[in-house]
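A.B. asks: This is what each chain is made of:
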Amino acid sequence: MDIVSLLIQTLNAVQYGLVLFLLASGLTLIFGIMRIINLAHGSFYMIGAYMAFGLSSGITETLPAMIAVGLILSFFIGFILEWVFYAFLYQREHLEQVLLTYGLILVFEELRSILFGNDVLGVAVPEALAGSIPLTATLSYPVYRIFISAACLIMAGLLYYLIRHTRLGMMIRAGSHDRNMVQALGINIDLLFRIVFALGFMLAAFSGMISAPMTSVSPGMGNQVLIISFVVVVIGGIGSVGGAMVAAMVIAFADVFGKLLVPAYAGMFVYLVMALVLLWRPEGIFRKG
Amino acid sequence: MPDALLETASLHTYYGTSHVLRGIDFKIQPGETVALMGRNGMGKSTLLKTMLGLVRPRLGHVRIWGKDMTRASTHKIVRQGIGYVPEGRGIFPNLSVRENLVMASRSGPDGGGHWTLQRVLETFPRLQERIGNGGWQLSGGEQQMLAIGRALMTNPELLILDEATEGLAPAIAKEIWRIVREIRDTGIATIIVDKNFAALLPLVDRSVILVKGEVVYDGPAKDLNAQRDFVHQHLGV
Ligand SMILES: Nc1ncnc2c1ncn2[C@@H]1O[C@H](COP(=O)(O)OP(=O)(O)OP(=O)(O)O)[C@@H](O)[C@H]1O
Ligand SMILES: [Mg+2]
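Protein chains in written order, with the numbering used here: chain R, 936 to 1224; chain B, 514 to 750.
What the hints contain is simulated information worked out from the structure, not anything from laboratory work. Fair warning: there could be bad hints in the mix.
[Unchecked claim] Derived, one-sided and incomplete: chain R residues facing chain B with beta-carbon distance under 10 Å:
#	residue
1	Asp-1113
2	Val-1117
3	Gln-1118
4	Leu-1120
[Said to hold, decoys possible] Here are some chain B residues pointing at chain R (derived, C-beta under 7 Å):
#	residue
5	Leu-565
6	Thr-587
7	Arg-592
8	Gly-603
9	Met-616
10	Ala-617
The C-beta atom is built at its ideal place from N, Cα and C for all residues, glycine as well.
Take these sequences, add in the hints, and give me the full structure.
C.D. replies: Written out as structure tokens, the structure is:
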């Protein structure tokens, strides 16, 4: 493999890893802080992708407008979902959480089918980002993929700032440790958790939104990303956003280079890596903290 | 008589089938300092938690400023002006000292805000030295100072201190008592639970003694000095 192909594959892996990270960070927040196993997280990704399709076919003119409207809309949907469904799950068994959130997958798939049908849909890459950067006479790299990486990095930076440097972030971290104490200091923990959930939803939907032009928009797309997101969360250490970043990169590189080096076993390579990591560190790379 | 700052009326609290509070009538006026006493397991912490809505009573009422708050959520109850320092301190180990303080900061129920980060740090110079440390790195005494400082950041009218000096070395305990006196002198009402009666009694206006979830004494702290047998029987000293 020459150096240019290596560069291309590395960029692909980084881009994939960053998208995975955003997906998994929402999942790990909801899992780590609220202790809810959210099987519908993949559906949130799907909702984001269909939102991109819906919004870009006539409602919003430009990509920034689409993203802005999509983010606001998804925060709002997440907020309502927590209020109506997830708020009832905190005191429940994992089995009940799995049942409800699996039920939600079916509901979301049905709604998708009613609203958008069952065909594979495409979202056009915005014109300004449609080009490619030539690397050699025959190889080039699509600008949109670089845009995805940049957008994910910005999101990750904002998330880091929010959790580490704002009062809301302090409350969230405190709440993940001791719910009662946070309430006893006068903080509305129900509202706080609703906001965390809405943020998690927003991160998943955002990944779906910006991935849509790259991956096409299709039924079942949420289920494909769900399992790999759980793999990232488990490898990274449940509840650890930093761990999710490292794990997402490990998985993305394993996936991209696995397909290249051992194509025959590409499907299982990622899980092999997971098994090895968990043998080495059963609690994940980063323990929750 | 004006409304009490906080009042409980025939409060009954259970843990499952175990009947822990058996009809507690308790009252504290603004600016008053009350010792809540009793042997281990008599229900002191449970009474405090029931006041705050962290444990729910089966019967009876909790009123704050005359308003029934028995079923109100905990955050609404404490926003009436209560700062809580729990047994075990409840420090967030995953937050720094500064973050433990800042996350709790709010103005008092009347919109007043005398307790700022700066004033808390002036009151607890030890915390200033540890400001960047994680909560998990603090000694017991430092944790207690942080817990009290954090409660003050909410600008309370009433400070609730469960086990003020438990497990602390005598010198540190003395420091805590000095601070409690200082806080009392600013006019904040306090409910204090502690096993060190010799240090506690001179500090308070009134004592309340619990035995098996019932109030057996409620009166001036100094009257207890004359009732050695009674005190020995119920407090074991
Ligand atoms: N969460 C709980 N579940 C069941 N029983 C409890 C619980 N918390 C306390 N108890 C029981 O309720 C009774 C009162 O406990 P509480 O903690 O209120 O006593 P206390 O007066 O604060 O004692 P201490 O001086 O040891 O702190 C005890 O018998 C205790 O074992
Ligand atoms: Mg106690």
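A.B. asks: Please go over all the hints and tell whether each is borne out by the structure.
C.D. replies: Each hint tested on the structure:
no.	hint	verdict
1	Asp-1113	holds, 6 Å
2	Val-1117	holds, 8 Å
3	Gln-1118	holds, 4 Å
4	Leu-1120	holds, 4 Å
5	Leu-565	holds, 6 Å
6	Thr-587	holds, 4 Å
7	Arg-592	holds, 5 Å
8	Gly-603	holds, 4 Å
9	Met-616	holds, 4 Å
10	Ala-617	holds, 4 Å
When each numbered hint is compared with the structure, no violation occurs for any of them.
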